[in-house]
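Visitor: One letter stands for each residue in the lines below.
2 protein chains.
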Amino acid sequence: MKISLVSIGDELLSGRTLNSNSRWLAHQLNSLGHQVVLGLTVPDIHVRIIESIEIAADKSDIVITTGGLGPTVDDRTREAFAEFVGADLKLNRELLSTLEKNFADRNIRMPKHVRREAMIPDGAITLHNSVGVAPGLYIQTENGTHLIALPGVPGEMKAIFEESLKPILLDLSGERPVGIESFYTTGIPESPLYKIVADSLGEPNMDNLAFYPSTLGVEVRIKIFDTPEDRNVLATLRSATEPWCYTRKEKSLPSILGNILTARNATLSTAESCTGGLIASRIVDIPGASKWFEGGAVVYSNRAKNSVLGLPNEILEQWGAVSPQVAAILADNAATRFNTDYALSTTGIAGPSGGTEEKPVGLVYYGVHTPKLTIVRKNRFTGGREYHRMHTSQAALHLLWLILENKYKEHPWADGSVETLHK
Amino acid sequence: MKISLVSIGDELLSGRTLNSNSRWLAHQLNSLGHQVVLGLTVPDIHVRIIESIEIAADKSDIVITTGGLGPTVDDRTREAFAEFVGADLKLNRELLSTLEKNFADRNIRMPKHVRREAMIPDGAITLHNSVGVAPGLYIQTENGTHLIALPGVPGEMKAIFEESLKPILLDLSGERPVGIESFYTTGIPESPLYKIVADSLGEPNMDNLAFYPSTLGVEVRIKIFDTPEDRNVLATLRSATEPWCYTRKEKSLPSILGNILTARNATLSTAESCTGGLIASRIVDIPGASKWFEGGAVVYSNRAKNSVLGLPNEILEQWGAVSPQVAAILADNAATRFNTDYALSTTGIAGPSGGTEEKPVGLVYYGVHTPKLTIVRKNRFTGGREYHRMHTSQAALHLLWLILENKYKEHPWADGSVETLHK
Chain S
1 MKISLVSIGD ELLSGRTLNS NSRWLAHQLN SLGHQVVLGL TVPDIHVRII ESIEIAADKS
61 DIVITTGGLG PTVDDRTREA FAEFVGADLK LNRELLSTLE KNFADRNIRM PKHVRREAMI
121 PDGAITLHNS VGVAPGLYIQ TENGTHLIAL PGVPGEMKAI FEESLKPILL DLSGERPVGI
181 ESFYTTGIPE SPLYKIVADS LGEPNMDNLA FYPSTLGVEV RIKIFDTPED RNVLATLRSA
241 TEPWCYTRKE KSLPSILGNI LTARNATLST AESCTGGLIA SRIVDIPGAS KWFEGGAVVY
301 SNRAKNSVLG LPNEILEQWG AVSPQVAAIL ADNAATRFNT DYALSTTGIA GPSGGTEEKP
361 VGLVYYGVHT PKLTIVRKNR FTGGREYHRM HTSQAALHLL WLILENKYKE HPWADGSVET
421 LHK
Chain X
1 MKISLVSIGD ELLSGRTLNS NSRWLAHQLN SLGHQVVLGL TVPDIHVRII ESIEIAADKS
61 DIVITTGGLG PTVDDRTREA FAEFVGADLK LNRELLSTLE KNFADRNIRM PKHVRREAMI
121 PDGAITLHNS VGVAPGLYIQ TENGTHLIAL PGVPGEMKAI FEESLKPILL DLSGERPVGI
181 ESFYTTGIPE SPLYKIVADS LGEPNMDNLA FYPSTLGVEV RIKIFDTPED RNVLATLRSA
241 TEPWCYTRKE KSLPSILGNI LTARNATLST AESCTGGLIA SRIVDIPGAS KWFEGGAVVY
301 SNRAKNSVLG LPNEILEQWG AVSPQVAAIL ADNAATRFNT DYALSTTGIA GPSGGTEEKP
361 VGLVYYGVHT PKLTIVRKNR FTGGREYHRM HTSQAALHLL WLILENKYKE HPWADGSVET
421 LHK
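The listed protein sequences derive, respectively, from chains S and X.
Sequential numbering of the first sequence, starting at 1, is according to the working numbering.
Sequential numbering of the second sequence, starting at 1, is according to the working numbering.
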């Protein structure tokens with residue numbers, strides 16, 4: 001079905017907030033077989049919200065709004081929905097008691113105005129919010145337009161979408177694409193990956209293909225119909241992306257590593273300098289990480305590298321903190337210190353300052369300690385501090401994955417990295 | 001003046017590309033004294049582009065489009081502009097020779113279809129593109145609407161904006177911005193904060209006020225006019241939000257702590273269990289953190305708490321890992337181990353599993369070690385694992401900030417937390 005997205009909030013028009021919700025939703029909706037035909041961004045003004053819903057309803061079968069569901073007077077989506085469908089706002093008692101319980105659990109007295117959140121348009125279905133208080137809303141107009149309201153807070157929007165909205169949208173999408181297949185790759189930039197895929201498939205077969213790059217890698221996604229041709233296309237795509245594809249389902253590298261390590265009853269620790277805890281943080285993001293992750297050291301200063309992970313000062317003086325030698329010792333010593341089978345390490349220059357001609361901003365060494373060997377690779381990532389840390393964390397996790405999967409030796413490197421230590 | 005932004009491109013509706021142009025433009029336009037009142041995102045379809053320009057022109061004085069100015073057939077903005085203003089597309093010879101020269105300079109033969117880029121609506125002014133080939137366009141309709149077309153490539157869009165469009169927009173903006181003031185708060189949920197602000201200002205003064213909640217806190221933002229009344233409103237707002245306001249500029253808590261610690265020549269370390277490196281990672285996100293941050297230990301397992309930070313096993317057995325005693329010792333021992341003046345610690349149950357009746361999912365203890373004392377507070381955050389970690393990291397950083405700013409004693413706690421250890 002045709003869908004319009006209406007993003008509500010002054011902060012989206014003032015430039016304060018990036019509208020990442022729309023992209024995320026568009027991505028999801030397309031993979032459910034729907035088509036996003038229009039995006040609208042409007043301020044928290046009652047009449048503007050109604051106008052935009054009118055425009056959206058005129059162009060599409062389903063209108064999804066984000067934002068404006070909070071408890072304050074500048075949250076106006078409930079009123080707009082009610083007016084648009086010609087319904088009254090009614091107190092939903094069940095919702096009110098959920099709200100009251102939520103505040104009671106947090107040991108906070110519920111302010112009176114929060115009651116607003118329990119006032120919903122008569123006839124609307126609430127979509128349960130497992131991570132926040134305001135539920136989503138779903139209501140159908142007399143003309144058959146499906147109106148859906150989601151909160152603007154990304155975590156809440158996503159939770160409601162996944163838990164309550166997806167089944168409804170799957171139901172509404174008559175023409176299910178027979179299959180959408182994804183290949184999550186990392187360690188290869190979009191352009192060379194595109195070339196490899198295009199060369200293997202031939203241009204005419206690229207129609208149903210999409211590339212979604214992020215700081216963690218590139219997702220290649222294809223819509224497949226149940227024909228022999230398409231099964232061939234899928235097989236070709238599988239082998240073209242195989243060296244860089246670490247999963248076919250939407251799973252993070254840490255969670256994939258967790259499954260492998262758990263199955264082998266093996267453990268991991270980290271020693272991070274330039275990534276500053278990002279790898280550990282991404283690991284701990286995975287429920288159940290305690291089964292395979294012992295912990296890590298963020299050794300940001302040279303003194304911490306020495307005092308916490310026993311890096312000899314002579315090594316620091318001879319090679320400098322950003323060197324393959326330091327990366328290797330950090331990984332080895334983390335494994336000893338945390339008593340783990342495997343350990344990851346990073347040391348680099350994230351910038352913006354601190355670079356030299358010999359060791360420029362962006363330079364990084366990352367290492368993997370295993371019970372048998374220790375490997376360090378070097379790369380140079382451009383694009384700023386945050387980008388550098390994300391790329392380094394992913395490269396280090398990917399290196400461990402290649403080693404665990406016994407794919408390291410024959411891996412066709414495509415990210416510009418080189419091995420600098422192997423012992 | 002009122003401005004609408006029209007973003008053109010299939011990639012924006014498929015979820016492939018994040019619309020970062022709109023945010024950048026909105027930010028710029030607001031600071032030039034204009035007001036962005038509507039955002040539209042449409043596919044590369046001629047009739048949809050025209051419709052969206054009609055809607056936008058109806059709502060605003062200036063319409064700025066991005067995208068659709070390239071040389072290929074799916075670049076349709078030039079045609080849409082021409083049709084909308086009722087002008088012909090005419091070959092601009094000057095532009096054509098610029099294009100030809102550009103290709104000649106790169107020693108590439110100009111493909112025929114690139115000529116399209118030199119066909120512009122009769123009467124349009126070209127806006128020079130110093131980093132790409134397609135120029136921007138500026139044309140006024142008979143009704144006086146200002147139509148501006150910019151390329152979708154961010155670097156080109158920004159260059160044209162800065163070099164050619166800014167002077168035009170400054171000219172058009174008669175009324176300079178009256179002033180927008182922000183209060184960044186944390187440690188108080190949106191609803192009670194709203195109540196406090198509403199009680200202090202009175203409903204009639206809430207019109208220009210907005211609340212922007214995130215996992216890190218709530219920003220209160222107000223539009224101020226240069227009148228005695230508004231100066232009063234600002235002063236009232238300042239004192240109402242004061243206990244929870246940690247900055248008036250857009251700055252993160254780690255960066256504010258960094259400034260304070262640097263000024264005092266003091267250092268910080270971290271000991272994280274449930275936050276798993278998130279605090280360290282947020283700190284290292286700040287350029288120059290090496291001046292005041294030594295590093296941290298992610299002690300996820302009990303064994304790591306013992307072996308890396310010397311937490312006695314008897315303490316673990318007696319009180320359990322999630323206890324004020326453990327939070328205190330972790331903070332104290334991190335300070336010793338990393339040889340820092342201050343240290344932060346966290347230990348909690350992020351869920352989804354691992355909770356008991358006595359220690360439910362969401363429970364967390366976080367501590368601050370200072371040269372004089374160690375304080376541990378307890379809270380219970382609901383809303384899932386990621387939310388729990390973000391909230392805990394912010395609460396721990398905020399606790400340190402309150403202590404450093406000598407505001408801890410009289411702080412009116414509003415987040416449900418309680419002190420559980422003070423020594």
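Since the hints were made in silico from the structure, they are not lab data.
Treat the hints with caution; some may be incorrect.
Identical chains blur together in the list; that is why a pair holds if it fits in one copy or across any two.
[To be verified] When the alpha-carbon atoms are kept at most 25 Å apart in a straight line, the in silico SDA-like pairs for lysine to any residue are as follows:
{"id": "1", "residue 1": "K223", "residue 2": "P352"}
{"id": "2", "residue 1": "K223", "residue 2": "D105"}
{"id": "3", "residue 1": "K407", "residue 2": "E314"}
{"id": "4", "residue 1": "K101", "residue 2": "D226"}
{"id": "5", "residue 1": "K166", "residue 2": "P352"}
{"id": "6", "residue 1": "K158", "residue 2": "G132"}
{"id": "7", "residue 1": "K59", "residue 2": "A395"}
{"id": "8", "residue 1": "K251", "residue 2": "T236"}
{"id": "9", "residue 1": "K166", "residue 2": "Y387"}
{"id": "10", "residue 1": "K223", "residue 2": "K291"}
{"id": "11", "residue 1": "K223", "residue 2": "D341"}
{"id": "12", "residue 1": "K112", "residue 2": "P213"}
{"id": "13", "residue 1": "K158", "residue 2": "N265"}
{"id": "14", "residue 1": "K158", "residue 2": "Y387"}
{"id": "15", "residue 1": "K251", "residue 2": "R93"}
{"id": "16", "residue 1": "K112", "residue 2": "I224"}
{"id": "17", "residue 1": "K251", "residue 2": "E83"}
{"id": "18", "residue 1": "K2", "residue 2": "H411"}
{"id": "19", "residue 1": "K2", "residue 2": "P192"}
{"id": "20", "residue 1": "K423", "residue 2": "E83"}
{"id": "21", "residue 1": "K2", "residue 2": "N339"}
{"id": "22", "residue 1": "K112", "residue 2": "K195"}
{"id": "23", "residue 1": "K158", "residue 2": "E11"}
{"id": "24", "residue 1": "K409", "residue 2": "L170"}
{"id": "25", "residue 1": "K158", "residue 2": "L127"}
Note that the coordinates shown come from a computational prediction; the quantities given were computed from them, not determined experimentally.
Visitor: Determine for every hint whether it applies to the structure shown.
Guide: Evaluation of the provided hints:
1. In the homo-oligomer, the alpha carbons of K223 and P352 never lie at most 25 Å apart, since the shortest distance is 41 Å inside one protomer and 34 Å across protomers.
2. Taking CA atoms no more than 25 Å apart as the test, K223 paired with D105 passes in neither setting, with 45 Å inside one copy and 35 Å between copies.
3. Neither within a single protomer nor between protomers do K407 and E314 lie at most 25 Å apart by alpha-carbon distance, with minima of 35 Å and 44 Å respectively.
4. In this assembly of identical chains, K101 and D226 lie within 25 Å of each other by CA distance neither inside one copy nor across copies; the values are 49 Å within and 44 Å between.
5. Within a single copy, K166 and P352 get their C-alpha atoms only as close as 42 Å, which misses the 25 Å cut-off; across copies the closest is 22 Å, which meets it.
6. Taking the shortest alpha-carbon separations for K158 and G132, only the intra-copy value of 11 Å comes in at or below 25 Å, while the best inter-copy value is 37 Å.
7. In this assembly of identical chains, K59 and A395 lie within 25 Å of each other by CA distance neither inside one copy nor across copies; the values are 43 Å within and 45 Å between.
8. For a Cα distance limit of 25 Å, the shortest separation of K251 from T236 inside one copy, 22 Å, qualifies, whereas the shortest one across copies, 49 Å, does not.
9. In the homo-oligomer, the alpha carbons of K166 and Y387 lie at most 25 Å apart only across protomers (22 Å), although the nearest pairing inside one protomer, at 32 Å, exceeds that limit.
10. For a Cα distance limit of 25 Å, the shortest separation of K223 from K291 qualifies neither inside one copy, at 37 Å, nor across copies, at 51 Å.
11. For the identical chains of this complex, K223 and D341 are neighbours neither inside a copy (41 Å) nor across copies (57 Å), given an alpha-carbon limit of 25 Å.
12. In the homo-oligomer, the alpha carbons of K112 and P213 lie at most 25 Å apart only across protomers (19 Å), although the nearest pairing inside one protomer, at 45 Å, exceeds that limit.
13. Taking the shortest alpha-carbon separations for K158 and N265, neither the intra-copy value of 33 Å nor the inter-copy value of 43 Å comes in at or below 25 Å.
14. Within a single copy, K158 and Y387 get their C-alpha atoms as close as 24 Å, and across copies as close as 13 Å, so both meet the 25 Å cut-off.
15. With identical chains, the CA atoms of K251 and R93 are never at most 25 Å apart, being 38 Å at best within one copy and 40 Å at best between copies.
16. Proximity of K112 and I224 under a CA criterion of 25 Å is satisfied in neither setting, with 52 Å inside one chain copy and 28 Å between copies.
17. With identical chains, the CA atoms of K251 and E83 are never at most 25 Å apart, being 41 Å at best within one copy and 39 Å at best between copies.
18. In this homomeric assembly, K2 and H411 never come within 25 Å of each other (Cα to Cα): the closest approach is 43 Å inside a single copy and 52 Å across copies.
19. Proximity of K2 to P192 under the C-alpha cut-off of 25 Å is found in neither arrangement, the shortest distances being 33 Å within a copy and 40 Å between copies.
20. Taking the closest pair of Cα atoms, K423 and E83 never come within 25 Å of each other, the shortest separation being 70 Å inside a single copy and 58 Å across copies.
21. For the homomeric pair K2 and N339, neither the shortest alpha-carbon distance inside one copy (55 Å) nor that between copies (60 Å) is at most 25 Å.
22. Taking the closest pair of Cα atoms, K112 and K195 come within 25 Å of each other only across two copies (9 Å); inside a single copy the shortest separation is 59 Å, beyond that limit.
23. Taking the closest pair of Cα atoms, K158 and E11 come within 25 Å of each other both inside a single copy (19 Å) and across two copies (21 Å).
24. Taking CA atoms no more than 25 Å apart as the test, K409 paired with L170 passes in neither setting, with 43 Å inside one copy and 54 Å between copies.
25. Within a single copy, K158 and L127 get their C-alpha atoms as close as 12 Å, which meets the 25 Å cut-off; across copies the closest is 40 Å, which misses it.
Hints 1, 2, 3, 4, 7, 10, 11, 13, 15, 16, 17, 18, 19, 20, 21, 24 from the earlier list are contradicted by this structure; the remaining hints agree with it.
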